[in-house]
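Asker: This is what each chain is made of:
Number of protein chains: 2
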Amino acid sequence: MDNNTYVIIMAGGIGSRFWPFSRTNFPKQFHDVLGIGESMLQMTMKRFRDICPVENVFVVTNKDYEGLVKEQLPQLSDNQILLEPVGRNTAPCIAYASYKIAQLNPNANLVVSPADHVVLKEEAFTRVVTEGLKAASQSDVLITLGITPSRPDTGYGYIQFIDDDSSPIKKVKTFTEKPNLELAKMFLDSGDFVWNSGIFIWNVKSILSAFRQHLPEISEIFEDSSAAYNNPQEQNFITNAYSQCRNVSIDYGIMEKVDNVFVVLSDIGWSDLGTWNSLYTIGEKNEEGNVIDGDTILYDTKNCIIKTPKERLVVVQGLDDYIVAEYDNVLMICKKSEEQKVKEFMSDAKAKKGAGYI
Amino acid sequence: MDNNTYVIIMAGGIGSRFWPFSRTNFPKQFHDVLGIGESMLQMTMKRFRDICPVENVFVVTNKDYEGLVKEQLPQLSDNQILLEPVGRNTAPCIAYASYKIAQLNPNANLVVSPADHVVLKEEAFTRVVTEGLKAASQSDVLITLGITPSRPDTGYGYIQFIDDDSSPIKKVKTFTEKPNLELAKMFLDSGDFVWNSGIFIWNVKSILSAFRQHLPEISEIFEDSSAAYNNPQEQNFITNAYSQCRNVSIDYGIMEKVDNVFVVLSDIGWSDLGTWNSLYTIGEKNEEGNVIDGDTILYDTKNCIIKTPKERLVVVQGLDDYIVAEYDNVLMICKKSEEQKVKEFMSDAKAKKGAGYI
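These protein sequence lines are chains A and B, in that order.
For what it's worth, the working numbering labels the leading residue of the first sequence as 1, then goes sequentially.
For what it's worth, the working numbering labels the leading residue of the second sequence as 1001, then goes sequentially.
Read the hints as simulated data drawn from the structure, not as lab findings.
Built from N, CA and C at the ideal position, the CB exists for glycine as well.
No false leads were slipped in.
Cβ-Cβ distance ranges computed for the label pairs, FRET-style:
# : chain 1 : residue 1 : chain 2 : residue 2 : range
1 : B       : 1311      : A       : 343       : 23 to 31 Å
2 : A       : 351       : B       : 1166      : 56 to 64 Å
3 : B       : 1299      : A       : 86        : 27 to 35 Å
4 : B       : 1078      : A       : 343       : 52 to 60 Å
Kindly generate the complete structure, drawing on both the sequences and the hints.
Answerer: Quick look at the structure:
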């Protein structure tokens, strides 16, 4: 465990593809999505326990979720909870946390992780992150964890790497965001593509240098007054900073543009749990292929994912390949194969019922 | 409106085929099943407003439902609410109410009606009941309302009548309880069968005479001490009486055995609303053939019946011919064609979760 290692957990998202379970006022990362007694955020925090001291973990979230973060991670001090006044995608989020940490430790090596991903192989995760941190501390590289694809998933970004030595850290050749199925199959067959996990490792100097070169309008906003970090003025400074930021992702703004990007090949049991189908994929199935988190009695029902409140008895007869999800004031029944329609459902629910339903 | 006319509303059943909507502690007759702002019991009460004075209506129910009846029918005096300590089917229920009313008015003409049936044509109902009452007041006949069948329903009892004159009141030839589909089709085609509605009309002397002849062990229990009715001793007397009664229906015990049974041919928009499919049959369908009582947004969904709490938004995609029903702590999703499994569901729910779930 290295005191120069810092972790940035990005916990400001909405997880809208998990509606009606993930909601604006209680997004996915705060839920016990796997039904194991811990939220995604708590699991993410725990994942770093052997990687850096708890006081080096910083959580970036929306100001609306301050209470949820404090409740779920009481071990964090207020200075470790970074509150965005508004979501502006990953680049501003990472810039904010990086400038703040750079002021605390100019030699910091950073791991950046979403709060709502699943990593089933925790020891392997610790190992690849440690490898990545070693490389990042020794040279000016931007590293992403690359996941060996197990299926031609069209929902992920793919990274082609150059396989010219036996090192587990490979130079990146191309990024391809969400390919069509044909392309995804070719990527899978070729063997030199991995999924972009969105978990990053770099030295703070490397990422800030990349910001200055490729997203100068962002770095100027956050660099402007670095004396503002880690003191009572920080929140005011940040409120003003975000009002000037455009929405831009770290992938689009930096990773796809620089030539010092590497992947660590990672077999860590990863899923971004982005959709109901991804929860189904990693979930434990019963004999009929049902993934169940709820109090159910099932008849002639198979290949379903059922996630309902513990206090509700759910009796299902004759469903095959459906999602049955209830949370708060919404019940959704939808074919698994039609889960991309969830965004349409949300939009219609908001139009009919108001913002409390999304 | 005739002061000699009395109505007995039987409101002690459970309506278990409507689970999870109909429940032991809140059965179907107390629900606003049609979603129109009135319970089945209240609609039944209202149906008799032009037939007899309100003080001549007597409701027989289980003692557990006393509060529900008083709440829903505050116009009734305590003496008009008859409390059974335990359900013993229709014969003891009718015997109790008939002996009690006979003591108040030995010339009473009675209409006996379940509390949980639907009659869509109220004027026609008033007309046929009035016809029946006229016949019952003039001769010793037991009359049941016979419904012209609209489909070969295998869930109903069928009555064959003798069609030898133009009177709408016909002598009964045979009773057939729940025929198979082939037989039901033959009955439908023959034109001389009607459904047994279970709504009866007779003079109190006629029914008590039939009890004495065909169910003497029941009539002896209730006749034993007629001085016990309509006074403070009644409830104790009844508690004791029911402890001696066997379970027997009026159809099996009397109607199928006597030779003075008649039907009034009745085109009254009747349904016993016994099952989810019968609610679907009479329900108002949208363009896609869905019957909806709830707050729904539907996609690619047709021929379904959806009955869910108003406070829940229900989003359904890709269901055809299903029941989606939520009430209290139970959600049920079931193919319409498999609705006969509801009793199995109830039994399993009770075994798994306890009596609070049925």
